[in-house]
Amino acid sequence: MIMSSLELEEKILRQIERLQLEYISSIDDGPLENWPQFFTDPCLYLVNSRDNLERKMELGVMRFESVGMLVDRATATQHAAVFAPRRIRHVLGPVMIDEVTAQEIMTRTNVAIYQTSPDGDTMLLMVAQYQDLIAEDEGIYKFKEKRVIYDTLRLPDSVVYPL
Amino acid sequence: MKSDRAKNATLWANASTTRVPFEVYQDGDVYADEMEKIFYGTTWNYVGLESEIPEVGDFRRNFIGEREILMIRKDDGLISVIENRCAHRGAQLCQKLSGNTGNGITCPYHQWSYTLDGDLTGMPFKRGIKGKGGLNQDFDMNQHGLCKLRVESLNGVVFASFQDNVPTLREYLGPEMFKYFTRIFDGRNIRVVGYQRQVIDSNWKLQMENLKDPYHAGILHLFLISFGLFRLDQKSKCLVDDKKGHSVLISERGSEEGQEDIGGVKIAAPDFSLTDHTLIEPRKEFPDDVTLSIQTLFPSIIIQAQCNTLATRHVIPKGPGSHELIWTFFGFEDDDENMKKLRLRQANLMGASGYVTLDDAEALEFSQLGLTGAPKGNAAVLEIGGTGSESNDHLVTESLIRGFYMRYRDIMGYRHLGF
Numbered sequence: 230m231i232m233s234s235l236e237l238e239e240k241i242l243r244q245i246e247r248l249q250l251e252y253i254s255s256i257d258d259g260p261l262e263n264w265p266q267f268f269t270d271p272c273l274y275l276v277n278s279r280d281n282l283e284r285k286m287e288l289g290v291m292r293f294e295s296v297g298m299l300v301d302r303a304t305a306t307q308h309a310a311v312f313a314p315r316r317i318r319h320v321l322g323p324v325m326i327d328e329v330t331a332q333e334i335m336t337r338t339n340v341a342i343y344q345t346s347p348d349g350d351t352m353l354l355m356v357a358q359y360q361d362l363i364a365e366d367e368g369i370y371k372f373k374e375k376r377v378i379y380d381t382l383r384l385p386d387s388v389v390y391p392l
Numbered sequence: 002m003k004s005d006r007a008k009n010a011t012l013w014a015n016a017s018t019t020r021v022p023f024e025v026y027q028d029g030d031v032y033a034d035e036m037e038k039i040f041y042g043t044t045w046n047y048v049g050l051e052s053e054i055p056e057v058g059d060f061r062r063n064f065i066g067e068r069e070i071l072m073i074r075k076d077d078g079l080i081s082v083i084e085n086r087c088a089h090r091g092a093q094l095c096q097k098l099s100g101n102t103g104n105g106i107t108c109p110y111h112q113w114s115y116t117l118d119g120d121l122t123g124m125p126f127k128r129g130i131k132g133k134g135g136l137n138q139d140f141d142m143n144q145h146g147l148c149k150l151r152v153e154s155l156n157g158v159v160f161a162s163f164q165d166n167v168p169t170l171r172e173y174l175g176p177e178m179f180k181y182f183t184r185i186f187d188g189r190n191i192r193v194v195g196y197q198r199q200v201i202d203s204n205w206k207l208q209m210e211n212l213k214d215p216y217h218a219g220i221l222h223l224f225l226i227s228f229g230l231f232r233l234d235q236k237s238k239c240l241v242d243d244k245k246g247h248s249v250l251i252s253e254r255g256s257e258e259g260q261e262d263i264g265g266v267k268i269a270a271p272d273f274s275l276t277d278h279t280l281i282e283p284r285k286e287f288p289d290d291v292t293l294s295i296q297t298l299f300p301s302i303i304i305q306a307q308c309n310t311l312a313t314r315h316v317i318p319k320g321p322g323s324h325e326l327i328w329t330f331f332g333f334e335d336d337d338e339n340m341k342k343l344r345l346r347q348a349n350l351m352g353a354s355g356y357v358t359l360d361d362a363e364a365l366e367f368s369q370l371g372l373t374g375a376p377k378g379n380a381a382v383l384e385i386g387g388t389g390s391e392s393n394d395h396l397v398t399e400s401l402i403r404g405f406y407m408r409y410r411d412i413m414g415y416r417h418l419g420f
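Those protein sequence lines, which keep their order, are chains X and L.
Okay, so the first sequence: first residue is 230 according to the numbering used here, each after it adds one.
Okay, so the second sequence: first residue is 2 according to the numbering used here, each after it adds one.
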């Protein structure tokens, strides 16, 4: 079946939306062990402020370059870190597709991330934008690069879970 | 005096600093007193790095205590630090975090303008319109400049003081602290790698205490212990200056002798190992064998060198129960590509989400939550390593915290009240 370019774009968009939703669910609903599966290996996962980005500084609050490093983060968060219990919840905006090539798709997605304490107090953890480079890996879309660029320069408290 | 409550004898009933009354972490009068006597008193406060403002007119906004200041590169190449408040009606002059203000500073409200040194140069309608209005002839422009701070820079690191009678920065640091300060800031050009900022809901002093508390580091930080990045049985020292307010703690990775001794610390997952070890493979970069050094300078700056991740951590008080922490990760202009990569990678250990410092921010909030509302007379107990505040060749001690409070009590005037 030959699809029109519009139909093709719609199909890609739906697949990417599904990828993003499954991605945030692995963090919000768990299990966190599933989180690294959404990346190619090697990859780049970078949580960085817009302020740093504008200064061309690629320093991350988190900065991982392989699936192994992502696995380590997930494990360490569960077994080698001390923090007050919390729940986080991502709220995504629509996916914006910037560029589609034969190998990769560049997208941007706005995201607000809320954090709720054991007493049930909810605060805004950050407002950010996913700047993603998505590639097909054995027939499945995965993040080759995922940049979480946050506007919320003064981060409240600490950032425990991946974003 | 504002702090009658602070001067209540119950506040510091014990002559030694083995007890710290919980009131000093939550009392509004104590806090107000700290601003005046410590931050706006005869101390040197960290303002930033010279490399952040390379060009004439470059500025960066920051805080000393609760007062907002600007660090500015002047046309003679030197640096001025002025308060970010117009001498006219008190409006904030610069709103951007950093930028370039050209040859002078102009207030956006009524366009009163100043030199980069903070001298008042002019304002619109100075003589009114057709002789009506404006300023009186006897208005003395020289008396209405911006609040100027005393400035000193040491190997690219800028400090400022609200007081003219502060000793020189070198005297303020003392010889031992100068030695460790210039071990990191050795005169090479500094390259900022990036910033992180976080707001932690604890009193600012708890942040300083945490970096003077090697005892916790070998217990709380399971990540460090698991990978031998820091352990209390490593060859180590903790040093204080003569006035006890500054300190440095250092340790050498791989120097453990004989049987591993983690002192009965409970590790949740003792078999936890890393899949990707590149994160904890540092490169030697200083002449000695020290792999971790944490220097704290009174009142509110921390200089961290853990493996190849170097950073200043600037503690900014935000009321008795909160503070902001600004992390400036840095390297040097002569870093090669590999070192640049290592610094970015190892930054995962530190900052708002760091494998190590995440625990710290959480523990500080646990402290503040725990001590809030404690009955009068309740105090922290600081007797690990005895009661003194001397330098040590081991880390199972709270002597640096006891030292901090000796300096603190001296400056706050609590010491001479007969208790």
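Some clues are possibly wrong.
[To be verified] Calculated Cβ distances over 12 angstroms to all of chain L for the following chain X residues: (1) 302; (2) 367; (3) 373.
[Stated by the list, open to error] Computed cross-link-like contacts, DSS-like style, restricted to lysine-lysine with a CA-CA straight-line distance of at most 30 angstroms: (4) L:319 - L:97; (5) X:285 - L:377; (6) X:373 - X:285; (7) L:285 - L:236; (8) L:342 - X:285; (9) L:149 - L:127; (10) L:180 - L:377; (11) L:149 - X:371; (12) L:180 - L:244; (13) L:75 - L:131; (14) L:38 - L:377; (15) L:341 - L:97; (16) X:373 - L:342; (17) L:133 - L:97; (18) L:97 - L:149; (19) X:371 - X:285; (20) X:285 - L:238; (21) L:319 - L:149; (22) L:342 - X:371; (23) L:75 - L:133; (24) L:127 - X:285; (25) L:180 - L:236; (26) L:342 - L:285; (27) L:319 - L:285; (28) X:373 - L:341; (29) L:127 - L:38; (30) X:285 - L:244.
[To be verified] Some chain X residues well away from chain L (every beta-carbon gap over 10 angstroms; in silico): (31) 245; (32) 292; (33) 311; (34) 328; (35) 358; (36) 386.
Note that these hints are calculated values from the structure, not bench results.
Remember, it's a predicted structure, so these values are computed and weren't measured experimentally.
Heads up, the beta-carbon is just placed ideally off N, CA and C, and yes, glycines get one too.
Hint by hint, here is what the structure shows:
no.	hint	verdict
1	302	violated, 8 angstroms
2	367	holds, 21 angstroms
3	373	holds, 17 angstroms
4	L:319 - L:97	holds, 20 angstroms
5	X:285 - L:377	violated, 51 angstroms
6	X:373 - X:285	holds, 20 angstroms
7	L:285 - L:236	holds, 17 angstroms
8	L:342 - X:285	holds, 14 angstroms
9	L:149 - L:127	holds, 23 angstroms
10	L:180 - L:377	violated, 41 angstroms
11	L:149 - X:371	violated, 55 angstroms
12	L:180 - L:244	holds, 16 angstroms
13	L:75 - L:131	violated, 36 angstroms
14	L:38 - L:377	holds, 24 angstroms
15	L:341 - L:97	holds, 28 angstroms
16	X:373 - L:342	holds, 19 angstroms
17	L:133 - L:97	violated, 36 angstroms
18	L:97 - L:149	holds, 20 angstroms
19	X:371 - X:285	holds, 26 angstroms
20	X:285 - L:238	violated, 38 angstroms
21	L:319 - L:149	holds, 23 angstroms
22	L:342 - X:371	holds, 24 angstroms
23	L:75 - L:133	violated, 36 angstroms
24	L:127 - X:285	violated, 43 angstroms
25	L:180 - L:236	holds, 19 angstroms
26	L:342 - L:285	holds, 14 angstroms
27	L:319 - L:285	violated, 38 angstroms
28	X:373 - L:341	holds, 22 angstroms
29	L:127 - L:38	violated, 38 angstroms
30	X:285 - L:244	violated, 41 angstroms
31	245	holds, 26 angstroms
32	292	violated, 6 angstroms
33	311	violated, 5 angstroms
34	328	holds, 26 angstroms
35	358	holds, 18 angstroms
36	386	violated, 6 angstroms
Checked against the numbered hints listed earlier, the structure breaks hints 1, 5, 10, 11, 13, 17, 20, 23, 24, 27, 29, 30, 32, 33 and 36; every other hint is satisfied.
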